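Participant: So in this note's numbering, the last spot in the sequence shown is 120, and the numbers never skip.
No lab work stands behind these hints: they were computed from the structure. Just so it is clear, the structure is predicted and the values come from calculations on it, not from any experiment. Don't take every hint at face value.
Simulated restraints, written as ranges between beta carbons of each label pair [unchecked claim]:
1) 2 to 98: 19 to 27 Å
2) 75 to 39: 19 to 27 Å
3) 51 to 6: 47 to 55 Å
4) 2 to 54: 53 to 61 Å
5) 8 to 74: 15 to 23 Å
6) 19 to 73: 25 to 33 Å
Virtual Cβ for every residue (Gly too), placed ideally from N, Cα, C.
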Amino acid sequence: MSSLSRERNRAFIIAGLGTALLIAIFLSPFASSDPDGLDRVAQDHKFDNKAAEDAPARKLPFYNVFEEYAVRGVPEQIATPIAGLIGTLATFGLAWGIGKLVVRNSAPTDDSDYPNPPRE
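Assemble the whole structure, with the sequences as input and the hints as a guide.
Facilitator: Here you go:
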């Protein structure tokens, strides 16, 4: 991959991450407080009270910190953007890590395909 291609990819990734962070931080406070589709269907069909009280998600380590897309102990006006920031960075980090693993595992084994073989 040429230096120009790397720079373009880097600029594209930074621009995409920046855009996602701006949306997560500045637009999340304007999200609707109405129930989402699944919650609305559960309410309309009167089975919303049958949800498992001991749901598996409640056993996750950070469940209580980010319950209902907010940060516990922080005012709601600040908590929602913080949760959006943390969620966006966590998703980006996970995608980046998986991408690095996939690219590393699918790299050609013959160094002759590279104009300048990578150094380890």
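Participant: Which hint numbers doesn't this structure obey?
Facilitator: Of the numbered hints, just 5 does not hold.
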